[in-house]
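**Q** What follows is the residue order along each chain.
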Amino acid sequence: MTRPDSDRLDAYVDGELPPADAADVERAIREDEATRDAHAALVATRAALGDVFADAIATAPLPPASIPGAASTHVRRRIAWVPWLTGCGIAAALAIAAWIGTSGRNAAPEPVDAPSTPKSLLPRDVVARAAKEFRSLRDAELLVTMESAAIDLLKALLDDKKPEDRKKTRFFFRTRVQSPDRFAMFTVANRRDPMPVFGEDASGSDGEWRWSYDRENAEVVRYPADGPAPAMQWSVKSSSVTKSTTTFDTDNGADGVLRCLNFGFLEELEANDPHLVYEETTGPSDERAGRRVFRVRRTDKADEWVTDAIELTVDPMRDRLERVRFDVRLTVVSLISFTVDVAATNRGFTKRDFDPRRYVATDVTVRDATPEEIEKARKKDK
Amino acid sequence: MADDLARRALPYWAEAHALARLLLRDRGRAYDVCQEAFARLAARETDDPRRDVRPLLFRVVRNLAIDEQRRAGAISLESRIASTGPIADLRSPDPAEEASRREQVRRLERELAALDPVWQTVLYLRDGVGLSYREIASVIERSEDVVRVTLHRARRRMRTALGATEERKCS
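Same order as they appear, the protein sequences are chains R and D.
Going by my numbering, the first sequence opens with residue 1, and the numbers climb by one from there.
Going by my numbering, the second sequence opens with residue 383, and the numbers climb by one from there.
Keep in mind that the hints are not guaranteed to be accurate.
Beta-carbon label-pair distances, calculated as ranges [said to hold, decoys possible]:
id: 1; chain 1: R; residue 1: Glu31; chain 2: D; residue 2: Glu523; range: 25 to 31 Å
id: 2; chain 1: R; residue 1: Gly15; chain 2: D; residue 2: Asp449; range: 31 to 37 Å
id: 3; chain 1: R; residue 1: Asp226; chain 2: D; residue 2: Arg432; range: 53 to 59 Å
id: 4; chain 1: R; residue 1: Thr362; chain 2: D; residue 2: Ile448; range: 31 to 37 Å
id: 5; chain 1: D; residue 1: Val500; chain 2: R; residue 2: Asn346; range: 33 to 39 Å
id: 6; chain 1: R; residue 1: Asp21; chain 2: D; residue 2: Ile448; range: 33 to 39 Å
Rather than coming from a laboratory, the hints here were simulated on the basis of the structure.
By construction, the Cβ of each residue, glycine as well, lies at the ideal position given by its N, Cα and C atoms.
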């Protein structure tokens, strides 16, 4: 047996060797430890480089509409950003959203100053198709950005004891969801960050267990996911909140995340509700990036909406909803703005992606709830 | 038929943009270069409709990126390294392992930024896009032997960078 030189090994892993030569290299890999090690190192290098390049490809902007076929051709692109909220922070945001939603719904809509862009499809139809596609997502990653200029007011309302968050006005939460019963939510430092911020909020369910990070005790407590308890539930404790419980309904896939914000509007968009008014607000930069932006307002039953207007960004090439944005108002003042971005779809998550150990620091204890704790939780659910 | 080449190349827009960005280290300029590349493809007549359009697309993008670099002046090594792009979304079940992999990606990106543009192009076209040696040779307008040697040297350098990460991890 001849030990292959390293550029021959390169050609082997690249599939550039004739079959007879490739068989020689394969034999050397089987029989010679040094060759085996060199081969393993080469494969690892290629995989690491592949990851770096894949990220660059995934974050490429959409092609301009001026390219022939750009308006109708499917472009291979993975959207690389997504937002959302977790644990206490999410509960807080939801509480505020629900509370403000009942008090600020009569606020006047913002004027739409961008001109509508005439396209072959009516805005109503474009949005309905995108909403339908979004509602069908069963395996997706979303990024929720919550921004508030009035964060001190929010903190005071919530009696939040996290002094380190006082100066923050923007929070990012990444959510991974896989129907029927898996999800994970965790705080991230910025839009690009795929990693949780250890010590911040994290919660989830791997189908067998639902879990939540307890920051005060630095531990994760797991509860059985079966039985009366839903996959995830936040109790919003405020006398002003009419909807006191918000359930993360993983059966609904990505739509479950939006529904979690008391925001079951996609169904209405899909159904072409006649009480909804659609305006296209696509600006020049959106046009350049091949996106269309729509503002949808409702003219009746305003109390069923968290706010009275929603902005939707659609990739018309794929009928894909890329972003949903809305403000929660206190009269005319925007108190919180939520932006939900579709970061990725069909990620092919495995159970491992919903393991709490992925989302907490190594020194955090992960333990199962005691029978007493489970019983207490069941009573609370009821 | 005019426009046909651009239409056929459209599915590779993202790959083309990533190549331009790798060479220019600037997202906006990469976008402009890609737009120009597609405009040029749109103006060309199709030769063989069954032929893979990617080598041609990447060659046009690469040449335009080099022209753009020359117009803007040489980019210093420091600025290339400083403007290295975002880290990849690498997932791992273990936080410690995840942190280690992030460090590995950053190191790779720094090493990539310091490489000669031809080395960068060859590595990207092989390990990022999966072109054959022959196709890469047509993109960089050199022989297949040059591709093979360049690829080998570039990977060896990357492997050294990865090795350094492993050593730090062990220590």
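**Q** All hints, please: hold or fail.
**A** Hint check results:
| no. | hint | in the structure |
| --- | --- | --- |
| 1 | Glu31(R) / Glu523(D): 25 to 31 Å | violated (40 Å) |
| 2 | Gly15(R) / Asp449(D): 31 to 37 Å | holds (33 Å) |
| 3 | Asp226(R) / Arg432(D): 53 to 59 Å | holds (55 Å) |
| 4 | Thr362(R) / Ile448(D): 31 to 37 Å | violated (46 Å) |
| 5 | Val500(D) / Asn346(R): 33 to 39 Å | holds (36 Å) |
| 6 | Asp21(R) / Ile448(D): 33 to 39 Å | holds (35 Å) |
In summary, the structure is inconsistent with hints 1, 4 from the numbered list given earlier, while agreeing with the others.
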